[in-house]
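Chains B and C: place on chain A using the hints.
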Amino acid sequence: MAFYRAHVLVCGGFPCVAAGCRAVRDAIERSVKEHGLEREVRVVETGCLGPCDLGPIVVVYPEGTVYARVTVGDASEIVDEHLLKGRAVRRLEYTGHLPSVSLTDDKRTDYFEVQERIVLENVGLIDPDSIEEYIGRDGYHAAGVALTSMSPDEVIETIKSSGLRGRGGAAFPTGVKLGFTARAGADQKYIVCNADEGEPGTFKDRLILEGDPHKVIEGMVILGYSVGASMGYVYIRGEYYLSIERIERAIEEARKYGLLGADMFGSGFNFDIEVKKGAGAYVCGEETALIESMEGKRGEPRQKPPYPGTCGLWGKPTVVNNVETIANVPPIIRSGADWFRQFGTPTSPGTKVYTLTGDVNNKGLIEVPMGITLREVIYGVGGGIPGGRRFKMAQTGGTAGGCLSEAHLDIPMDYENLQKAGSALGSGALLIIDDSHCIVDIACTLLRFFEHESCGQCTPCREGTRRLCDIFRKTRELAATEDDLKLARELAEVMQSSSLCALGQSVAVPLFTIMDHYADEIEAHLEGCCPAGVCRRLPTGADEAVCATSQTGGGIK
Amino acid sequence: MSDIALTIDGKSVCASLGMTILDAARTVGIRIPTLCWHEDLGKPSVCRVCVVEIEGQNTLQPACSYPVSQGMVVRTNTPKVRKARRMAVELLLAHHPDDCLSCQRNLKCELQQLAADFGIREIRFERVLRELPKDESSPSLVRDADKCINCRRCIEACEDVQGVAVLSTANRGFDSVVLPAFGDDLNSVVCVFCGQCTLACPTGAIAERDDTRRVWDALADPEIHVIVQTAPAIRTSLGEELGLPAGTVVTGKLVAALRRLGFDRVFDTDFTADLTIMEEGHELLERIEKGDAPLPLLTSCSPGWINFIERFYPDLLPHVSTCKSPQQMFGAVAKTYYAEHAEIDPGRLFVVSIMPCTAKKYECVRPEMRSSGFQDVDVVLTTRELGRMIREVGIDFESLSEEDYDDPLGISTGAAAIFGATGGVMEAALRTVYAVVTGTELPEDGMEFHDVRGLDGIKEAAVEIEGATIRAAVAHGLSNARKVMERISAGDAPWHFVEIMCCPGGCVGGGGQPIGTVMSSRADRGEALYEVDRDMPLRTSHTNPAVLKLYEEFLGRPLSERSHELLHTHYTAKKS
Amino acid sequence: MSEMRGPAGPGGPSVVCKCECDDVFLSKVEKVVSSYRGRPEDLVQALHDVQSLRNYLPREALRVVARTLDVPESRVYGVATFYSMFSTSPRGRHIIRICESAPCHVAGAAEIIDSLLDELGVEMGGTTSDRMFTVETSSCLGVCGVAPAIMIDDVVYGNLLAEDLPAILRRYR
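Residue numbers (the working numbering), protein chains in the order written: chain A, 1 to 557; chain B, 558 to 1133; chain C, 1134 to 1306.
Next comes chain A alone, as it looks inside the complex:
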């Protein structure tokens, strides 16, 4: 491998692509060439660097200087000043928190100390299109170890004792799941990587796939070996064009290197992977709906049992795991269960990748140990709430997660504690909302999402999501009554207890936490008043109700 005196990493995560990073990359490359530096300086498009709202982001190594919101016009200045003259361009330099850079950077701030990177260990540091760079960072080592020196049972045991739990939302112990499928007798078994990331506020799987696709492939190989599956599928959202491109290219590369295919590592084990595209249905994130979709059908969840572990794709035993779960597997095999358990809490070992969105100063992707508090995330990593506004609500786990109020800021975020608070870790989405927003309006948005995404198969969810929307819309129009809200609660209870799948069952989670934690604010709407000054009565010709507390911008006292 040639030696370069400097590396320029241009973030190629999707948000940065959206912000125009490719033009910036091209411009830097052009400028590097113009200066004849192409043998000294390597320009690499890499995976997500984290703070997506600062894109396009460029990092120059070995100094680890971060440039944010770089434009095409800035390219030649960076090359002239930094690469040629060795002077950082202060004007563009970003001195805030940048998680991935922290690993090689000794200018650690307090905030970086809370981050631990297992899943994202390579994201932002390697060229995702280069299998050599992945291998260079111990890639495929774990697969080699597993296939050549471990029995399938030993692999499952290791994962079991690591305590790894599913990172897609349901938090089922991964090792136990593998055990079911390993024991099931069948001529064919499948590994499915669930990359149908549709939970609003969640984009971690996309960035893992875009930033470190080989890690997912390696994880799937290990899982396939452990249960005796020879075929794997990556089911990926149809809208994730770049992820599809990267993972397909990575699969191609892995095949070329013999890291997929027949007789891998001379172990006699065969495994291959195919990509299946989704077509826009949130419910396909549910494993049985995903399987239906893979079979070319409407993505409607199946009644369980039977569970996919014994009867999944084409009726064969199938392990369905989230991208992040799978990405945890190679490090666990490489470094062992005990190593993994040193992170997080005893019942929730490891780290969690969160995506931080909403009213926070730093939005983006972070990986922190389980058990960190909401306050640490918002005011540490998140850099606080912009505009000096007050924290009002945090929704954890995506649209289907619970809404936490100020009273919950200090509970440790792991599976158990969030469940106690009526919420869930779910997909790792963290949506922060400040006091300028009205809780009823937020509820409408959440319910509208469920209505749009209900598959329509079972009665409670198909009819119920619409009815809840109607009731909350009415509340937003300041026209609802107490009876309406009582009915909404009863309906949501029924949806929770009797819907066919988790989609319908989980509508109650955000709804009840909102109704419980913000009862006063909702009550005010029944009396014709929106304290946040957001909701308006529909013009009916009647006198506008005067709301004493509206427009004050204050939260509920």
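There may be inaccurate statements among the hints.
[Said to hold, decoys possible] Covered stretches of chain C (in silico footprint by chain B; criterion: 3 or more residues with CB under 8 angstroms from a CB of chain B, positions within the stretch not fixed):
1) 1192–1206
2) 1209–1215
[What the hints assert, rightly or not] Sample of chain C residues lacking proximity to chain B, with all beta carbon distances greater than 10 angstroms (derived):
3) G1171
4) D1182
5) E1244
6) E1296
No lab work stands behind these hints, which were simulated from the structure alone. Computed from a predicted structure; not experimentally measured. We put the CB at the ideal spot given by N, CA and C, even for glycine.
The following block gives chains B and C in isolation, referenced to the frame of chain A:
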């Protein structure tokens, strides 16, 4: 199967592996309400009306599909369960037209029944109707999508049982609705009009086209001579429509009721069933002898089946017998032979059929079915419609004295009666073919061909006649027909003669039969037809004196020119 | 635009296909789906490929898919109307997807939506009169870090302000 002990509502239940909670509950007399579940169909588990509480689980589970397991503790009657069930029904009602009193399924609607059982007095949600257009395009079926509750039973009947797959759920979420492809009407898709969907539907979302008004009008017109024919299967199913147990033989009461309704003559499709055997039996022998037309010969009595092969296997149409169905032979004979005989202007003769079938409504308006110069059969009523007419005028069916069919088109044999059960046409044909080939009659105890009886989907038989073997196959339900057609297409069909009936169980299971028709009632009705056969003095079609007289006076002989003109037809490939 | 008459249904009136299905187009469809022949499990993938030809799934194209993959037409229609990326009615040259979910909503998506619809003069779900754009809502686009965001075809525009819209749209005109 290993025994599984569980507890349902405090009762110990012994169940076996593979049973659902619903099955197990029934064994101890616990009735769990259901809606999307149907005993002959799959387990969609979508309506959530049958949910129950299982100890140790947070969510309720559908009893219709949830398997029993050792030590399971189930509660079917808790506040949580009742609330969920009521809510499911209330949600459906809020989305459903409230014209129950004028709905075709009034009093026979499962949704209505649940609302009554649950005592739902108030719908707390705003009524929202889809306001989709009513599909009245077909002569057989009317689809009112507004009444669809998305239970998907029709989809299963159409796709899994019949293999036609005209219906599917379209759209998503609240907008989900069961529709033909592209939302087209039934008349422009590959629907075969079998009407199995009408039996599957728990509400009035899909039903037979009601033609009773046209019959009442004809009956009221003194200028019109109205005659009626009754299909073989009606005599063992009408009783059920009117509250008698499945499989009750009501031939005499049926005739009496039709006279009370005002029909001028009451005839029997069994007469032309015997005639069909004469024609089709000879056609078979001719094909075997001459070898000028392909074998196996496929039967042609079932109009849903004819629609199916015209749409899905047009290449195999040369296999199909050119014989019209008994219903259409009747119409053609009635408006020629009978009209002449009774000295009635065929233009004033109105022929009504009572059929177990919705596809017959389509068959009678086919342009080919006018060999008398008029539409041979004017109106087809299903068993359900006849039941409605009988109820409308308050005939006390049970107390009617039995009466006989009119001559001459009311005379028949046991061979014709069994046409209504799967395998019956084959059995009747074999009886006659044997006699024609050997010149001798089958002995009374050798009359029954049990290999072709019963509800197995595909049945085969080999019959030795004078050293030659006639190989036969019988299929009922179009998904079974499809399997047979695939074998014929593949050149893997060792048979000479194949009977196909569109509906499961044959005509006794037809799409026009009483609401509530299930496999077990199909079996009962079929058994009853075999009983009718056993009790008949004549059991072979070629011994029917009225049929013999018809040949003598009018047709000449089987497959004569006149027979071809009146009793045979042709088919047209209908590309989907 | 040519109108093509569909084959007559059995016993029923012939159906007029209102889509723009000429023979050249249909043979393209056949070519695109030929690799999925007899593979019902690839229905979703086949629909993606067919849709890429014209940004929507014309009726006659769906019939070709049904025939080729050996899936009943009703099922093909059911699948095509289930997934939000598919459309069975004609759409503009470019599809603009707007996220309406909470993270975008919080970041001011409503205002972006209003401005966008205003700018284009269409309703949500509508197509501009020049058939350049169709605006659809989407559940999360997965770029919440740069909310509010819109996606035009496969390109995402994040951290949007209403005043950015005219310039973005101009790139496509």
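A quick look at each hint next to the structure:
Given as covered by chain B, the region 1192–1206 of chain C passes the check, having 5 residues with a CB less than 8 angstroms from a CB of that chain where 3 are the minimum. Residues of the region 1209–1215 of chain C with a Cβ under 8 angstroms from some Cβ of chain B number 5, which satisfies the need for three, so the listed coverage holds. Non-interface call for G1171 (chain C) relative to chain B: holds, since the shortest CB-CB distance, roughly 14 angstroms, exceeds 10 angstroms. Against chain B, the non-interface label of D1182 (chain C) holds: every CB pair exceeds 10 angstroms, the least being about 20 angstroms.
Chain B leaves E1244 (chain C) outside its interface by the beta-carbon criterion, the shortest separation being 26 angstroms against a cut-off of 10 angstroms. Annotated as non-interface, E1296 (chain C) keeps its C-beta farther than 10 angstroms from every C-beta of chain B; the closest such distance is 35 angstroms.
This entry satisfies every hint, going by the numbered hints stated previously.
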